[in-house]
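Q: Given the coordinates of chain F, assemble chain A onto it according to the supplied hints.
One-letter residues, chain by chain:
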Amino acid sequence: MKKFNAARIGKYFSATLISLLALVPFYVVVLFSLNTPARIFYEGNILLPDFHFHNYLDAWKSSKIGIAMVNSIIIAGGALAVVVFFASSAGYTIARFKSRFNSIVFSIFLMSMMIPGIINTVPLYILIKSIGGINHLWAMILVCATLALPFSVFLYTGFIKSLSREIEESAIIDGCSWFSAFWRVTFHFLKPVTAAVIIINGLSVWNNYAQAVFFLPNQKAHTIPLALSVFFQQFAGAKWNLLAAAAVTGVFPVVLAFLVFQKSFMKGITAGALKG
Amino acid sequence: MDGLMSRISRNMHKYMAIPAVLLFSVFFLYPLARGIGLSLTDWDGIKDPNFVGIQNFIDFFKDKRARNDIMITVLFALGSAPLLNIFGFIYALILDGKFRGNGVNRAIVYMPAIISPLIMGYIWYFILQPERGYLFHLLKKAGLEYMLGNWLADYKAALLVLILVNVWQYAGMTMIIYLAGLQSISLDIYEVSRIDGAGYFSRLFYITVPLLIPSIIINVVTNIIGSLSVFDVIMALTEGGPGYSTESLGIYIMRMCYGSNTGYSTAVAIILFFIILLPVAAFMGLMKSKEVETI
Numbered sequence: 001m002k003k004f005n006a007a008r009i010g011k012y013f014s015a016t017l018i019s020l021l022a023l024v025p026f027y028v029v030v031l032f033s034l035n036t037p038a039r040i041f042y043e044g045n046i047l048l049p050d051f052h053f054h055n056y057l058d059a060w061k062s063s064k065i066g067i068a069m070v071n072s073i074i075i076a077g078g079a080l081a082v083v084v085f086f087a088s089s090a091g092y093t094i095a096r097f098k099s100r101f102n103s104i105v106f107s108i109f110l111m112s113m114m115i116p117g118i119i120n121t122v123p124l125y126i127l128i129k130s131i132g133g134i135n136h137l138w139a140m141i142l143v144c145a146t147l148a149l150p151f152s153v154f155l156y157t158g159f160i161k162s163l164s165r166e167i168e169e170s171a172i173i174d175g176c177s178w179f180s181a182f183w184r185v186t187f188h189f190l191k192p193v194t195a196a197v198i199i200i201n202g203l204s205v206w207n208n209y210a211q212a213v214f215f216l217p218n219q220k221a222h223t224i225p226l227a228l229s230v231f232f233q234q235f236a237g238a239k240w241n242l243l244a245a246a247a248v249t250g251v252f253p254v255v256l257a258f259l260v261f262q263k264s265f266m267k268g269i270t271a272g273a274l275k276g
Numbered sequence: 001m002d003g004l005m006s007r008i009s010r011n012m013h014k015y016m017a018i019p020a021v022l023l024f025s026v027f028f029l030y031p032l033a034r035g036i037g038l039s040l041t042d043w044d045g046i047k048d049p050n051f052v053g054i055q056n057f058i059d060f061f062k063d064k065r066a067r068n069d070i071m072i073t074v075l076f077a078l079g080s081a082p083l084l085n086i087f088g089f090i091y092a093l094i095l096d097g098k099f100r101g102n103g104v105n106r107a108i109v110y111m112p113a114i115i116s117p118l119i120m121g122y123i124w125y126f127i128l129q130p131e132r133g134y135l136f137h138l139l140k141k142a143g144l145e146y147m148l149g150n151w152l153a154d155y156k157a158a159l160l161v162l163i164l165v166n167v168w169q170y171a172g173m174t175m176i177i178y179l180a181g182l183q184s185i186s187l188d189i190y191e192v193s194r195i196d197g198a199g200y201f202s203r204l205f206y207i208t209v210p211l212l213i214p215s216i217i218i219n220v221v222t223n224i225i226g227s228l229s230v231f232d233v234i235m236a237l238t239e240g241g242p243g244y245s246t247e248s249l250g251i252y253i254m255r256m257c258y259g260s261n262t263g264y265s266t267a268v269a270i271i272l273f274f275i276i277l278l279p280v281a282a283f284m285g286l287m288k289s290k291e292v293e294t295i
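Top line first, the protein sequences correspond to chains F and A.
Each residue of the first sequence is one higher than the one before, counting from 1 in the numbering used here.
Each residue of the second sequence is one higher than the one before, counting from 1 in the numbering used here.
Only chain F is shown next, with the shape it has when bound in the complex:
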């Protein structure tokens, strides 16, 4: 019994330790974001900030983070809508109707999952430039949706294969075509995998920097990571309080979403990763 307790205490202790380790940088950035510009830590306490909330107002005004947030929301929303509709319908036909075309499509998507976006960013940049898409949100939406497509098709295909064909067959008897049976019936059964697709791809689109830096050079089209990188380069070394406030503002939406939907986040990520 004694040994059991020691193991238990050890587990609690190490669990607390790794949680603290993960939290420290979050704590530091919030701390810095609430300090007055003059604050140095040589004297006084090192753990509590000055609660100088005015930094947030100043950071919002002097950075372009407001516009960037709108751009990020439009890009993420647009890309996710495209991915959910294109990938789920592709997954349906691949899972349900065997044909040579469908199996070739599936294996191309499967192989492409191994290719990171950076590999074809330069020729993609040339293409986007020639169709006039640089600095346009629609182009970034299509770029991000394309990058998200292989994995999403893969997830939907696997999930639909695990569903019984009967769910469509009853709709077919009622006079539906296979096509409308998908949208009227099957699609509603896909909620768990749609949640996983939205969470996993939502994060990578929201955080995207490597593509955004190519396709959205103009400040008016900047997303949150781009706006922050400009803000940081502008004040490199100075005004840490404002930089930190901007960083907190930039990560706030995604942290909030994570805290609110924590359970489905963890489930979606696990489901997505295990299928992959």
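Hints in this document: simulated from the structure, not taken from any laboratory.
This one's a predicted model, so the numbers in the text were calculated from it and none came from an experiment.
Warning: the hint list may mix true and false statements.
Unchecked claim - DSSO-like, lysine-lysine: derived pairs with alpha carbons at most 30 Å apart: (1) A:K156 to F:K239; (2) F:K267 to F:K161; (3) F:K129 to A:K47; (4) F:K161 to A:K64; (5) F:K98 to A:K14; (6) F:K267 to A:K98; (7) A:K98 to F:K11; (8) F:K161 to F:K263; (9) F:K239 to A:K141; (10) A:K156 to F:K267; (11) A:K140 to F:K161; (12) F:K98 to A:K288; (13) F:K239 to A:K64; (14) F:K239 to F:K64; (15) A:K98 to F:K191; (16) F:K263 to A:K98; (17) A:K64 to F:K191; (18) F:K191 to F:K263; (19) A:K64 to A:K47.
A: Just chain A now, with coordinates in the frame of chain F:
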């Protein structure tokens, strides 16, 4: 006409992959093919490209900076991938099983992975800056500030710092996958081995690890792909410096593209593709054969 329309609508379900295929062909497959073509030219992004054969590839391996960047990229991956797996695995062992608060702990440990690695890099900049960073003040309180060097500006230390920041950020991600793997192992197996007198560590290495091979494959492959194409965290913390001591191939591609070496930069991308493909294929082959042996 009516017959044709109804025939199309009856067969529509067979062609539902077409929107996805079109999008993917235009924005992925076509640029990929175009990139292979461009890698054989001297295109600067403006003038007409001239065919130069494999000259770009020869230039690449002759260039000292390019060879350095391969080494940096591979070192980053060699540091990141094993550490991510070791920490992810240990974290998973700690947070496995049911005890109070472990759901919250898991979420907290995972949280860094949801943040943009660029912004995470900036936050670490606040911590690590000499004279002003949080770590400096913390050490100063303890009278230990001499221990803190200007690591991000140090030729040798900078890469190590980048690796550690990357491992810190994504250990929770590998943990989640190991946790799911651990939960799929039947408790009966442990029960039987305990009766047979196996200790904690022999159970760990003879039962847990072999049964986790699918999770190990997912993690190692994802980590190899991710760390060999590293970009964001380096841009945030060192931008490839000091000198070129932390310049990854991903950053080199961007610099060459902006530096009017468009054809050359596509050749570098192809080289990077093979650098990623080789270890991934080798590892998957190795693990496939192991999996058969143990089961």
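Q: I'd like to know which numbered hints this structure contradicts. Please list them from smallest to largest.
A: Violated hints: 4, 10, 11, 13 and 17; rest satisfied.
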